[in-house]
Structures are given as structure tokens and as C-alpha cells.
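Q: As a plain string of letters, each chain reads:
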Amino acid sequence: MNKENPILEIRNLEVIYQSRKRESKAVNKINLVLNRKETLGLVGETGAGKTTTALSILRLLPERTARILGGQILFDNKSILEIGEKEMQAIRGERISMIFQDPMTSLNPVVPIGEQIKEALVLHNSSGRSKKEIDDRTDEILSLVGINPERKSQYPHEFSGGMKQRVVIAMALACSPELLIADEPTTALDVTIQAQVLEMMEDLKQRFQMSMIIITHDLGIVAKTCDKVAVMYAGEIIEFGTFENFFCQDNRHHPYTVGLFGSIPKIDTDEERLHPIDGLMPDPTNLPSGCKFHPRCPKCMEICKTSLPNDTVIDGHMIKCHLFVEVVE
Amino acid sequence: MYKYIARRLLSIIPILLLTIFIVFVILESTPGDPAMIILGRDASPDALNALREELGFNKPMLLRYLDYVQGIFTRFDFGESYRSKQPVFDNILVQFPTTLKLAIFSVIVASIVGIPLGIVSAVRQYSLTDVALTVSALFLASIPGFWLSLLLVLFFSLLLGVLPSTGIDSWKNYILPVATLALPSAAILMRITRAQMMEVWKQDYIRTARAKGANEWRVITKHAIKNALMPVITIVGMSFAGLLGGTVIVELIFGMPGLGNLIISAIKLKDIPIVMAGTIFLSTLFMLIMLLVDLLYAFIDPRTKSQFKR
Ligand code: SF4
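Protein sequence lines correspond, in order, to chains C and P. So for the first sequence, our numbering puts the first residue at 93; every next one is plus one. So for the second sequence, our numbering puts the first residue at 34; every next one is plus one.
The hints are simulated quantities; they were obtained by calculation from the structure and are not laboratory data. Quick reminder that beta carbons are idealized off the backbone N, C-alpha and C, glycines included. Hints should not be assumed to be uniformly reliable.
What the hints assert, rightly or not - Within a straight-line C-alpha distance of at most 30 Å, the following computed DSBU-like cross-link-like pairs (lysine-lysine) qualify:
(1) K255/P x K224/C
(2) K224/C x K134/P
(3) K235/P x K121/C
(4) K224/C x K178/C
(5) K235/P x K134/P
(6) K244/C x K259/P
(7) K255/P x K92/P
(8) K134/P x K118/P
Unchecked claim - Chain P is nowhere near these chain C residues, computed Cβ spacing over 12 Å in every case:
(9) D168
(10) H309
(11) L372
Hey, can you work out the whole structure from these sequences and the hints?
A: Okay, here's the thing in C-alpha cells:
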């Protein structure tokens, strides 16, 4: 798709969770490309496999239950599923960082926040910074996220939810990573603070020249921040395209995306009701045959029930749906 | 913080008063006449009466209780042993160090063995190591202390002859008693540490630490232990306090002149002042240790600290 060397490439990634005799397919052969300095929105309902994808990139999937069955993840052209744990530890927190969903639980309650931010700097101190330089950098990063450095000796419980999320962001940014993965960075926050945090993240992204993956179920957030959008459903990417493909000219969309758009409250039309998509996410231990969306799809055809649609790509806009196969032909 | 400590210290007093009362009632309702025990069976009724008068036994129990409490609070007078005729604390303080040593060594050994094994067990959850540790812990925790001590004596003293079975002459005398006391405690500590650690291991902040690039060792030592050990500390404190009053069987079996031994023989001889003072001593100690444990919490857990401030 793009000539320049991408920061992240996921090829045919397949992840399952095993518990006793049940096996759930969390991620089914997905492909993704993220270029440098781009922001990708990974959209979908809870359970679509977004977080699993993110955790695979960091190799932080729960050891006992999760298994990567196949595929490749290339970070800066390096296949990170094949490198050793030591090498991976050097990448985590330094070159790839992650902001987790819930700021309330992702901070260690018994360690002062300054220490927690400093930790990444201490762990990845290849440039041999002195103690003082590390402390200065900690202060700097705290000010960047809008927290008074004097509060660094305080503990997480002394901060509000929004402030905690700022701490979490500061922690992730400490080493100026090349890739930042933000998993629902604002869902745990209330609406006014959401906007502030998003704005701040956008600002920091520009400043650090980072690439970013934002995981969310909120197309509104995607519209505000992303260059590329990937919609996930039942472990598959069912639509992938640029911001323009999704929000401007294009009218071709996967029926599931159409449903997602429908579930955004439209302020301009004065409509108060949401339009959630009918039905539930399929059971990952027993996925439907054919198109995984067919039991819920308003446009479902006979062929959909038996055969899995191919990825149809038109000018970089990918849709995985039988409706669009003829269009190319 | 100081207010909290003061409040806790003050609350010891009513609890002690109640404890003293309960022991009074128990002693009153058990058979045996101290005067008869002191003077022997053939003593004349007159002599018995005179002694009862002297000891205050002709007064009703409630009055004696009040007298006793008053003695403590006004003169710090806990009475004299009927048998040795010495102030009771002379007796107690002579015997206490043996018990204290037993308790301290046992709690240290139990912690050194139990806590790290619990951590290993949790981190290597469901591995062979974990299963082996869990099974042996279950075994140790369910063995009765007297049986374990007899087995140890049988093996190390009689069969191998490497360790003495009675006395307190050298440090070697402490090995078997401490083992008897420490092994079951270690097993319990291990189980609790494992449970706590497993809980902490699932927490998001552990994943956050990993995401920062921390290795296993650092995640355990910097992030998990402090969170997991808080409830464990309470258990350590409680088992220490419990051991101070719970070494009786071991003291009897290994012939160690400790506090437990003193109180047991005092109960047999109806040496009431010793029993009373021993009880007061132990329960005060217990409460002080628990206070200490709670304060320790505040140093580890910043959330508790801010509660104290309020
Ligand atoms: S392939 Fe068929 S069922 Fe699936 S989304 Fe397209 S139209 Fe609907």
C-alpha cells in the first residue's frame, strides 16, 4: 500500500485462548499496516479482538491461556514474535508503549507516581543518563501531561481519574516510544475529561512524532484523531481504510460499519435515540460459518452463510463482504 | 497518627479489665483450695482459715477483683506468688526470655521459609514445584504440634543422637522446639502468601510494569511483593503473638522453663497471682504486637497512612 517502510506490519496473525477444553478464536488471520507518524483507529465492540491484537504486539498475552497460532508481527522490519524475551523487554516501554484501559487499576497503588514514571527511564537507560537527568526528565514529562512535578511523590489514590490517566500516559511516553498503543484511553473517564485527554494525546503525538494505535469502540474518537481506520468484528478486520474512506467521500461500507455509524448519536439531526446493532457478538468458541456477521447482517444473502468473503480492495479501501465482490469484477 | 496510637493504647485498658474478670471467674469456678494446696492436706482448720484470711479468700469474688484491679492501678502491685513468695513479675521475667526466644526464632524461621516458597509457588502456578509445595504445606499444617515434636525427637535425638531433646543449655536445644513451632506456621504463611501473590499477579499494574519492559524478577520484587505481603504481615504478627502464648506444649515436651510451663504449673497449684499476671502480661503483649502490625501497615500502604491522618 505504501512505499516507505512501515513501523508496524501484522501478517496473518492468529490468536486463540484455551481454557480446559474450550478454545476461543480471538484473532483470526488479520493483516494490518501502520506507517510512521500515522494514527490507526482500531474499532469494534468489546470482544472483537482489539485488545488481544494489541497485547500480541507487546507479547503480553496471558501466558497460560493465550496462544499465537501463526502469523508475523514486524516492528520496524523485525519479526518480534521470534526474538528472545530479553530483546522483547528492551523494546517494551522504550520503543513500543501501551496505555491500558483502566487508569484506576493500571497504576501500582503502593508506589509513588514519580517512581512509576521513572521506572521506564531507569530500565531503558542505554544512553547512560545520570540520576539527576532521569529525575529532570521525569519532571519534564509530568509537566508535559499537565501534572505539577511536585506531586511526583504522591501515590495514585491521591489523584482523580483524569489525572491518573495522565500519569499513565506520562509513564508510556517517558522513553519517547516510536509506537504508542492506547487501549480505550478515555472510556473510564467522564466526557469533559475525555476531550482534554484526547487533545493532549494528539498534541504529544505531534511533538514526539509517534505512530499510534488507538483502540476504541467510539467512532467519534476515531473521527477526531485517526489517519487510518480498521474495523474489527469477531477477530477479523472487516473494513480497513483511510480517514477519508470512512468519513468523507466514500459511501461504500461494510454493513457492520454502517451499523456502527448508525449507533453514533447524530447531534445535527436532533436524534436522541441510539441505533445499536441488533443481536450479539458471536460466541468466539463457536463462530458462525461463512461471513461471521451474517446472523446479524440486514443485507445477508445465501452465499454469506457458507462462504467467507474475500478482502475486496478498492484504492486501498478494504472491505470484507460479499456485497462488494461484484463491484471489482 | 499519634491520636490513633493513643486511642489504641487506651483501648487496651478496658480489654484488660474484662480479661482479668474472665480469668477470675474461671479460677473461682475451678475446684481446689489454694490454702489447702499451700499448707498440705494435713493442715489444721485454724491454720487454713488464717491463711485464707491472709490471702483474702474469705471475701466475695467481686470484692477481690476490685481489690486486685485497684492494686494494679494504684500501686502497680500484681501480688506475690503463693509458692515462691516473690513478686510475680520476678518469676515471670525469669521464665519469659525462653518463651520469647522460642517465639522470635520460630516466627523468623517460618517467615524465611514460608514467604519465599509462597511466592515461588504463586509465580510458578500449577507447575510441579507448586503442587509439591502445596501438598507438603497441607501436610505440615495439619500435623498436631505434639506429634511433630515427638517425631523430631525420635529421629534427631534418639535415632541420630545429634540434637538434645531437653533443656536450654545451648543453642542446639532450640533447634527442635523451633522446628516444631515454625514448620506449621511456615506452611500457613506459604499458603497465604501464595493466595495473595496470585491475586496480585492478575492485577493490571503488573501488566503495566511488564509493558514498561521490567523483567520477571523486577516485577516480583518491585511491584508484586509489597502489595501481596500486606495481609501476610498481619498473619506474621498474629502468629508471633500467638506463639508467645502457644509454646506451652513444646515447652513441656522439651522441658524448657518458659512462660507456658510457669503458667501451667501455676494453674495446677492454684497459684492465682502467677496465673493472673501471666494472663495480663500475655494479653497486653498480644495487643501491643497487633498495634505494631497495624502501624507497620501504614508504612507500607499509603492508602492506610492517609486514613490515619484523618
Ligand atoms: S458478507 Fe454478507 S453477511 Fe457478511 S456483511 Fe456482507 S452482506 Fe452481510
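Q: Give a verdict on every hint.
A: How the hints compare with the structure:
no.: 1; hint: K255/P x K224/C; in the structure: 21 Å, holds
no.: 2; hint: K224/C x K134/P; in the structure: 46 Å, violated
no.: 3; hint: K235/P x K121/C; in the structure: 28 Å, holds
no.: 4; hint: K224/C x K178/C; in the structure: 27 Å, holds
no.: 5; hint: K235/P x K134/P; in the structure: 39 Å, violated
no.: 6; hint: K244/C x K259/P; in the structure: 19 Å, holds
no.: 7; hint: K255/P x K92/P; in the structure: 63 Å, violated
no.: 8; hint: K134/P x K118/P; in the structure: 27 Å, holds
no.: 9; hint: D168; in the structure: 16 Å, holds
no.: 10; hint: H309; in the structure: 19 Å, holds
no.: 11; hint: L372; in the structure: 26 Å, holds
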